[in-house]
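Chemist: Numbering (my numbering), first residue to last: -16 to 510.
It is worth saying that the hints were derived from the structure and are not from the lab.
Treat the hints with care, as some may be off.
Stated by the list, open to error - Below, in silico cross-link-like pairs of lysine-lysine (BS3-like), each with a Cα-Cα straight-line distance of 25 Å or less:
id	residue 1	residue 2
1	Lys24	Lys261
2	Lys309	Lys285
3	Lys136	Lys285
Since the model is a prediction, treat every value here as computed from it, not as a measurement.
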Amino acid sequence: MGIRTALPAAELGIYSLVLSGALAFAARGLLEASQDGAHRKAFRESVRPGWEYIGRKMDVADFEWVMWFTSFRNVILFTLCGHVLFAKLCTMAAPQLRSWMYAVYGVLAVLGIMGPWYLLLLLGHCVGLYMVSLLGQPWLCLGLGLASLASFKMDPLISWQSGFVTGTFDLQEVLFQGGSGFTVLRCTSFALESCAQPGRRYSLADLLKYNFYLPFFFFGPVMTFDRFHEQVNQAEPVRPEGELWRIQVQAGLSVVTIVAVDIFFHFFYILTIPSDLKFANRLPDSALAGLAYSNLVYDWVKAAVLFGVVNTVARLDHLDPPQAPKCITALYVFGETYVYDHIGGEHSAVIPELVASVATFAITTLWLGPCDIVYLWSALNCFGLNFELWVQKLAERRPLAQIEASLSEQMSRRVRALFGAMNFWAIVMYNLVSLNSLEFTELVARRLLLAGEGKVSTPLGGQGLHREGHSLGLAQEAQDPWLCFTGFPQTTLAILFVTYCGVQLVKERERSLALEEEPGQDKEKPE
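Model the full structure from these sequences, guided by the hints.
Modeler: Now the structure itself:
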């Protein structure tokens, strides 16, 4: 089935109506659940006073988000604005020296935020990996890079190195882990590039300029050394036509997203509800599905905002940084979440893909910090990535290939979208393990995808879960007219159908983008 295969407009319209209606229904259930749970004892720690003038509290379960955009907001703005100002002045006065200006400003910022001993610690890691890069042995560079990364993730070395940070503040641990981890990855990229280019000798100054570029220092993304070195050393950087407008749009979208999340957290307590399993188990199926989905969307939004802010600054510096990760809404295959091209190649051969995915998730496990939940998350996603390829290879063999060949292209697209819907929920379930908890993931799986316990659940609101401080009993629930049985097959089939509609709409979006990239070819018209 080609990407150009179209579906009738009426069919796509039905998919849009089903998906929008399901999302609205799930949002209604989550809103009512948030209203009823706002005064529960279990919510007191993470639901704090917010917009009191309209009687709304705010979900503050994610302390990082709250700290970024409240008490730490002014520091971030001041530091990044200072970088932009000095970078602009240097670009105007002496563009050949702008890489030095970036490095000096970054070093001073790290020194002021984290202290001199932390700076010396990172310089030690930089010098160590630089010395190893002079030997020209990639395996040695990679081994030392992994060892350095492990030293920031496992005791007793992590406890010893964290003592190099002077002072205390709320985000100290986040900045320590971010700055240290990304420093090791950048130094490893530098070392491997030095081995790959034996004819070019990079200096320690090149490494320090690369590592201490402030917008990427604490938060990433990891821009490989070869790309950074080439772009930052352009003698006379020139912006493409319309680039400033696109940068302004990206900055505006980041601001709008931050405000939207702040508003959202005053009405939907999606981060707090999963921590109260008794309360979550009483949610209607639609609200529980929406809760699981919205947690993954928020995780993407959080990453997209951080990427958006630093990418905006990097693009002002005439760099072309990596883009934000793809939203969970647009994912229906594992292959678009994690890839390792150097080993995996085209990601079409079983053995290289297995080796590539195992290597990728081994490094990711070390990056996140080895523990049971990370092991489980890595194993599940590694399995999902490879199982997807195994199924694809099986579908290319007889008799499945013959069956698909007998179908029309439109029917083939529908069948593949059905498998994409099942794959989507595999992605959701595997990632809920790390985003929430294993217990909440088990609850979602049991209620939505497996044969539930035969319980009934009531929607919230007028006959809500929590009235005058007392939970409703099953007897009162049984009197509620809005009853829905949980588990297979009703809930499972309904969720898969809604997800199928979403996958078809994503596929249609991909088809439109593919046609835009091929202006010289005739567009296929829907039947």
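Chemist: Each hint needs a verdict: does it hold in this structure or not?
Modeler: Each hint, compared with the structure:
The suggested pairing of Lys24 with Lys261 holds, with an alpha-carbon distance near 12 Å, which does not exceed 25 Å. Straight-line distance between C-alpha atoms of Lys309 and Lys285 comes to about 12 Å, which keeps the hinted pair within the 25 Å bound. The hinted pair formed by Lys136 and Lys285 meets the criterion: a straight-line CA distance of about 23 Å does not exceed 25 Å.
Checked against the numbered hints given earlier, this structure breaks none of them.
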